[in-house]
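Number of protein chains: 8
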Amino acid sequence: MDVELTCYLSGEIHTAWRDEIEAAVDELDLPVDLTGPVTDHAASDDCGVTILGAEQNAFWKDHKGAKLNAIRTRTLIGEADLVVIRFGDKYKQWNAAFDAGYAAAQGTPYIVMHGAEHAHALKEVDAAAFAVCETVEQVVAMLRYICRGELVRPTPSLSVVR
Amino acid sequence: MDVELTCYLSGEIHTAWRDEIEAAVDELDLPVDLTGPVTDHAASDDCGVTILGAEQNAFWKDHKGAKLNAIRTRTLIGEADLVVIRFGDKYKQWNAAFDAGYAAAQGTPYIVMHGAEHAHALKEVDAAAFAVCETVEQVVAMLRYICRGELVRPTPSLSVVR
Amino acid sequence: MDVELTCYLSGEIHTAWRDEIEAAVDELDLPVDLTGPVTDHAASDDCGVTILGAEQNAFWKDHKGAKLNAIRTRTLIGEADLVVIRFGDKYKQWNAAFDAGYAAAQGTPYIVMHGAEHAHALKEVDAAAFAVCETVEQVVAMLRYICRGELVRPTPSLSVVR
Amino acid sequence: MDVELTCYLSGEIHTAWRDEIEAAVDELDLPVDLTGPVTDHAASDDCGVTILGAEQNAFWKDHKGAKLNAIRTRTLIGEADLVVIRFGDKYKQWNAAFDAGYAAAQGTPYIVMHGAEHAHALKEVDAAAFAVCETVEQVVAMLRYICRGELVRPTPSLSVVR
Amino acid sequence: MDVELTCYLSGEIHTAWRDEIEAAVDELDLPVDLTGPVTDHAASDDCGVTILGAEQNAFWKDHKGAKLNAIRTRTLIGEADLVVIRFGDKYKQWNAAFDAGYAAAQGTPYIVMHGAEHAHALKEVDAAAFAVCETVEQVVAMLRYICRGELVRPTPSLSVVR
Amino acid sequence: MDVELTCYLSGEIHTAWRDEIEAAVDELDLPVDLTGPVTDHAASDDCGVTILGAEQNAFWKDHKGAKLNAIRTRTLIGEADLVVIRFGDKYKQWNAAFDAGYAAAQGTPYIVMHGAEHAHALKEVDAAAFAVCETVEQVVAMLRYICRGELVRPTPSLSVVR
Amino acid sequence: MDVELTCYLSGEIHTAWRDEIEAAVDELDLPVDLTGPVTDHAASDDCGVTILGAEQNAFWKDHKGAKLNAIRTRTLIGEADLVVIRFGDKYKQWNAAFDAGYAAAQGTPYIVMHGAEHAHALKEVDAAAFAVCETVEQVVAMLRYICRGELVRPTPSLSVVR
Amino acid sequence: MDVELTCYLSGEIHTAWRDEIEAAVDELDLPVDLTGPVTDHAASDDCGVTILGAEQNAFWKDHKGAKLNAIRTRTLIGEADLVVIRFGDKYKQWNAAFDAGYAAAQGTPYIVMHGAEHAHALKEVDAAAFAVCETVEQVVAMLRYICRGELVRPTPSLSVVR
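Chains as they are written, first to last, in the working numbering: chain A, 8 to 169; chain B, 8 to 169; chain C, 8 to 169; chain D, 8 to 169; chain E, 8 to 169; chain F, 8 to 169; chain G, 8 to 169; chain H, 8 to 169.
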């Protein structure tokens with residue numbers, strides 16, 4: 008029987024990696040529920056003041072927005088069986104590292120995706136991870152293996168081992 | 008994919024705010040399960056003695072009723088992803104503040120609704136909240152944003168950002 | 008919206024109280040899942056040795072049986088929103104009091120049913136309960152009130168307050 | 008052997024009830040560590056802006072202060088074996104009810120002190136309490152009994168039962 | 008290095024078993040802190056009404072007393088590394104079985120002491136215990152072994168194995 | 008009503024015991040969801056390096072594979088109501104004992120299957136189990152009893168007691 | 008009575024902020040136990056391979072070191088009543104954000120120190136904090152207030168309010 | 008300030024590794040409390056039947072002994088900041104792997120000591136560990152580093168980096 012997973016996709020919001028994972032999960036028909044934060048950067052920044060009232064001080068604008076977003080992220084990380092956290096090339100991305108610490112303290116396994124250039128700076132985040140990888144293909148291969156036990160060997164074999 | 012939320016509506020029971028939220032959630036077809044206490048004031052006061060036997064002392068009448076109501080409220084707050092707590096204009100409403108403390112200790116996010124005149128007296132309750140607002144429209148806008156990432160900008164734009 | 012409850016019926020197994028509650032829940036169409044221990048006394052006593060092998064010493068026969076039964080009871084008490092515990096007229100019924108302590112430590116509300124003659128001896132068990140009653144009718148009236156907020160007033164009114 | 012207790016004194020800060028309890032505990036030499044919030048009202052209100060910087064909006068002044076006070080109160084309620092919560096004659100005192108809910112969700116026993124006129128409004132708070140009383144003398148008598156098992160009977164006996 | 012234990016002695020209060028354990032622990036100088044409920048039966052029954060006010064209904068007298076006693080017992084069972092629970096010859100002793108369930112749900116090991124005649128009725132309580140015995144000597148021998156690893160062999164050897 | 012169980016089958020992967028349990032559960036139509044680790048030994052060993060990149064050092068190859076497998080096993084053991092752990096004739100099978108300790112600390116009941124020759128070496132694992140058995144038939148009989156209360160007596164009776 | 012605090016100082020290790028806090032705590036004689044990570048950068052990087060054996064691949068060198076450091080940090084964050092997390096001017100400092108998430112999930116209050124230029128990027132980290140500040144003086148003033156309720160007003164008054 | 012650690016030494020009991028660690032900890036004056044199981048093999052096997060009464064069936068002899076030993080081990084693993092688990096050359100040592108799983112589920116860091124020949128069979132146990140090593144010297148070096156941040160570099164430098 009396949010294993011059903013709820014998988015929260017945390018971190019970088021400026022590339023299409025979430026869509027790529029979703030497409031691959033659909034194509035393989037994996038029993039994985041993908042969740043994530045609001046990825047519209049402007050909406051994510053403005054939600055607090057738009058709904059709850061303007062602030063003169065940028066700090067409180069950010070504060071209201073971040074707390075409103077946190078209702079969603081806390082709920083979804085709390086429900087996740089697995090968190091995948093991507094660190095992109097740009098920005099500080101402290102929220103991604105925060106989510107890693109949150110998942111670790113909860114005892115929820117997480118996978119980190121990042122380029123090799125960040126390996127040393129992310130060593131504490133990686134050390135508490137269950138896997139560290141670079142590509143969407145690797146994430147999808149792991150989801151496939153975790154859910155179905157299917158492992159695609161590289162050429163020349165290419166046969167699916169199950 | 009939309010985020011499904013179970014949302015407990017705590018506090019004031021003398022205005023129609025729960026119905027208004029329910030109507031708006033229905034109209035927007037949001038994936039939100041709304042729960043709440045028994046809102047019939049007389050039934051809520053009398054349930055203990057009606058079912059379990061009369062008491063001469065008002066204290067024990069209240070005690071039996073409050074404990075019976077607590078079976079419902081503990082269960083529903085325990086299941087909630089989010090608690091919305093409304094403080095109205097009248098009464099002490101200590102049970103609303105109790106629910107806030109209960110949610111906080113459980114780690115469940117809560118939103119507080121109250122008029123500006125209560126802001127100072129509610130500062131500890133507000134400080135542990137994930138959002139503080141005044142109107143049903145704001146609560147609904149937050150539920151919409153949390154579930155769907157949809158943020159309705161005020162005029163002139165009015166466009167839905169998603 | 009009605010509140011769905013999972014309700015574990017613990018304790019006395021020699022009268023038909025579980026069936027009576029089940030019949031009333033069915034008649035009222037309450038959204039209550041009723042669970043309970045294996046109530047066949049002989050099976051409950053013999054299950055351990057029948058499946059796992061005979062024992063010369065009665066203590067170990069009891070031990071194997073009690074542990075096998077505990078797999079079921081731990082699972083169901085763990086899943087319950089509410090536990091109803093009935094103390095009958097006969098026997099020591101220490102397992103019923105054990106279940107009360109277990110539910111209390113888990114933070115799961117429980118209701119105790121017993122005759123007035125046991126009130127003093129059960130005072131610690133009653134003190135941690137959310138309600139204490141004597142009859143099946145009272146249990147059903149509580150389930151109805153908790154799930155639907157319906158309170159049936161005694162005559163002369165008899166009207167359902169909702 | 009005496010039972011050592013850490014007891015957090017929550018709620019009303021405008022009368023000398025904490026000092027009276029402390030004096031009685033000292034006189035009886037009870038092994039009770041008494042803790043509590045900062046009871047200087049002005050300092051409690053101003054601490055946030057004084058240390059962390061002024062705010063134009065009173066809401067954020069309160070917010071910063073309430074959060075700073077919460078570092079102390081969360082720590083001490085977390086460490087308490089018992090919480091005593093006093094509701095006075097005046098003010099909304101929602102923070103006191105918040106502390107009650109917080110203690111209840113943590114599983115920490117609490118005692119409520121209040122005048123009879125508040126009994127109905129506090130019924131939910133009282134229902135989750137381990138004792139409800141009105142006077143400092145009653146609190147001290149409970150601490151004495153809990154720690155030492157000493158119960159002072161009223162006249163004519165007056166003898167200490169141990 | 009010796010293991011320090013905090014050991015709560017629950018259950019029967021009409022024989023001197025607690026004193027006997029204490030004496031033996033003192034004689035062997037075991038690093039064991041012994042705790043327990045208030046064992047003065049009259050004080051334990053009357054504490055609620057004596058301190059908190061008289062009740063006409065015996066049920067509420069018991070209720071107030073049992074809750075006040077529970078402040079002590081919950082605190083001490085919560086702090087215990089080990090609970091020893093004695094079931095005597097008389098009375099229902101449901102509070103002892105309640106304590107067993109409470110300890111089990113908390114994950115705290117407990118030892119049960121009872122006569123062979125209660126073995127079948129206590130099978131669920133015994134099944135969750137870490138040891139079942141009949142005498143004070145056995146309890147003390149276990150405490151000695153747990154703390155120091157010392158096991159006194161029966162004759163003819165009598166030598167202490169360490 | 009039948010009890011639904013989620014049952015994780017841990018341990019030995021070189022015989023067909025999981026398939027046999029699954030076949031019997033299907034035949035009896037028991038409401039049991041069976042889960043387990045990836046049982047393809049080669050895939051289980053190679054998954055880490057195949058997906059995440061080759062390693063020169065066998066230790067890190069094992070490390071990457073074991074962590075990837077742990078995402079599945081942690082999730083499934085976390086969801087299980089019951090864990091069945093089989094120790095076979097060969098190999099060290101330390102992962103099976105690890106799963107037993109993990110389940111015990113989580114408070115999840117587990118059943119151990121092993122031959123009599125391993126009884127002494129497995130005494131700590133067995134002591135924390137809810138049942139110890141040798142055969143698939145015994146596991147199935149327990150699942151049947153736990154879910155349905157059905158106990159099949161040995162000859163001459165053979166009747167199903169329910 | 009002063010409140011005793013155990014305070015973990017997380018984050019930036021290239022300036023003397025920890026020493027400055029320690030000096031101020033000593034001067035004020037505050038009952039605060041200050042803890043923190045190993046702050047020798049070279050030792051922190053090399054500890055894994057120095058003790059556990061060299062690695063050719065920098066990733067595994069980092070991995071071994073980060074895990075060894077995590078034994079210390081997990082223990083100390085687990086014991087902390089309060090975490091103070093400083094983000095400096097340089098480096099990614101993802102481990103600091105990880106610690107914030109870890110503390111948040113544990114329910115441990117934390118304070119963030121950072122320059123105004125990081126406010127937007129740290130908004131999620133700040134939103135879950137109990138206070139956000141920039142200087143060591145502010146941290147010390149908070150510790151003083153939390154422990155003793157002492158609030159030093161700015162000029163012209165300068166009087167200590169207690 | 009040095010970090011105080013409580014460290015439980017689990018596993019192999021036939022060599023003097025615990026004494027060697029203790030001697031080194033004493034020599035370095037590290038603030039480490041070392042705890043462990045009863046290491047007298049005969050006493051550990053016989054404690055149950057010696058104290059609680061003989062058994063004809065070896066299984067129940069083992070059962071009684073293992074549960075009595077578990078009172079000690081559960082208490083000490085529960086109190087440990089760190090667990091060190093040694094797998095020796097001989098025996099199945101399933102209890103050591105059980106302790107590893109127990110510590111992992113509790114969130115307590117553990118270190119594994121074993122020879123290289125066991126690496127593959129222990130891969131799941133090692134994967135959840137915070138460090139894997141072979142010698143007592145390595146354990147002591149880690150304790151020294153964790154407590155004091157002292158790292159002894161190999162020759163030629165030999166200087167203590169602090």
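Honestly, the hints are just simulated from the structure, not real lab data.
What you are looking at is a predicted structure, and each value in this text was computed from that prediction instead of being measured.
One or more hints might be untrue.
Here are the in silico distance ranges between beta carbons for each label pair [unchecked claim]: (1) C:Thr142 - G:Glu11: 23 to 33 Å; (2) G:Thr13 - D:Gly114: 21 to 31 Å; (3) F:Gly114 - H:Ala123: 30 to 40 Å; (4) F:Asp47 - B:Asp47: 43 to 53 Å.
For every residue, glycine included, the Cβ atom is placed at its ideal position computed from N, Cα and C.
Output the indices of the hints that this structure fails to meet, ascending. Those not satisfied are hints 1, 4.
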